[in-house]
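Okay, here's what each chain looks like letter by letter:
Number of protein chains: 2
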Amino acid sequence: MQTDPHILRAFDRDLHSVQALVVRMGALVEEAIGKAAQALHGRDDALANSVRREDAAIDALEEQINADCARLIALRQPNAGDLRTVLSVMKVASNLERCGDYAKNLGKRTTVLNQSAPIGGLSASVLRMAGAVQQQLHAALDAYIKRDADLAASVRARDSEIDQIYSALFREILTHMLEDPRTITGCMHLHFIAKNIERVGDHATGIAEQVIYLVTGALPADQRPKGDTTAFETGA
Amino acid sequence: MQTDPHILRAFDRDLHSVQALVVRMGALVEEAIGKAAQALHGRDDALANSVRREDAAIDALEEQINADCARLIALRQPNAGDLRTVLSVMKVASNLERCGDYAKNLGKRTTVLNQSAPIGGLSASVLRMAGAVQQQLHAALDAYIKRDADLAASVRARDSEIDQIYSALFREILTHMLEDPRTITGCMHLHFIAKNIERVGDHATGIAEQVIYLVTGALPADQRPKGDTTAFETGA
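Note that the protein sequences, when read in sequence, are chains R and A. For the first sequence, the UniProt record's numbering assigns the number 1 to the initial residue and increments by one for each residue that follows. For the second sequence, the UniProt record's numbering assigns the number 1 to the initial residue and increments by one for each residue that follows.
A portion of the hints provided could be inaccurate.
Same chains, same names: a pair is fine if it fits in one copy or spans any two.
Once the Cα atoms are required to be at most 30 Å apart in a straight line, the calculated DSS-like pairs of lysine-lysine come out as [said to hold, decoys possible]: (1) 108 / 146; (2) 35 / 108; (3) 195 / 91.
For the record, the hints were derived by calculation from the structure and aren't laboratory data.
Pulled out of the complex, with its shape left as it was, chain R reads as follows (with noise of 0.2 Å):
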């Protein structure tokens, strides 16, 4: 049916373009938790600013690939597979959009956080999360972009380490707020912060799971390894 050489090409040239603007978008998204991270370490309200104004070109562009995907879908029709591809594009933007999101929030704490005095070395511990996240980010993006099944497995496995990274700086921020009630307002800030990162982490992990969804025609069967066990601590 779909045999027409004329229309595979077709397909392919749309499925590249629309995958290139997710890896546009993935591109922002990067950029955004880093300056956001690094905007909270040196206390800068400018580029705090720049990332809350930013994270308008990402919403526009997971608005433009749902756009072009629907528009794909309904001219050229694709078999099963190939509609797989497709639909897991927009899974991809919607996961890209939701962590543009957490970084615009992660900004507009930063803000907030800067009227007042800075706490411990807790943003030091803060930059050094996001830029594992941002790691785990680009190498989701990079899988899936090669259809790579074993770098996505890889990405995976490694959310456990975001996880206890998360897992510590929950107990340091704890520590500071019994340790001095005053720095409690900015303290649940920054947890938010952290829980924010923590969360980038696993949308990394959801589109790897995409990646390997796509090329092994199934979602990984095992739970995956959670290391956030903080739902469950009771502290001091």
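Mind docking chain A on chain R? Use the hints.
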């Protein structure tokens, strides 16, 4: 092309059956949120654990909806308008799945909170907030099934009320932490619970926006920038 009444009926029948799954999924999610808040308020470990277990059924429904939608697209090759409807089904299912996760997380944190003394009247405030969010979710799904853009617009308008309830609860939590540092760990959990319930409200708004998109053909203009990314094409 798609004027054969036989084909039209087949699409509508398929759409109807997949939408029935969305309705069932929505009912499970509403119930999970209500039960989770009650488990917290009543310090009921058994109820909290049942919410955690039952999330698997919600996840399974999303998987089925996605598979059914993909099959529907591949089989019926819907025109642009019908395709938009099918894609919206997947978006709504994705919103509901996230809400289910939040309910599950609420259950998890409840079993932890039950290990220490209750903190003031905070769980009653959480219960009220959960009730308001359940209503929002119910109205959003109602608007979705009836394709009622007015009802959807009212859901969007009421989201700021949820945000206000959350803000008041945030201040209440902060006060407890400052007055009695022994409550800090518990308050961190309660803060997450409150934030997650607020996020369920955001997803109800997301569903309402899908309704507006379906009925009017465009997302509400004041919410998100549309798909025109030309302003960013030459950006750095």
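Outcome of the hint check:
In this homomeric assembly, residue 108 and residue 146 never come within 30 Å of each other (Cα to Cα): the closest approach is 35 Å inside a single copy and 37 Å across copies. In this assembly of identical chains, the alpha carbons of residue 35 and residue 108 lie at most 30 Å apart only when taken from the same copy (13 Å versus 33 Å across copies). In this homomeric assembly, residue 195 and residue 91 come within 30 Å of each other (Cα to Cα) both inside a single copy, at 22 Å, and across copies, at 24 Å.
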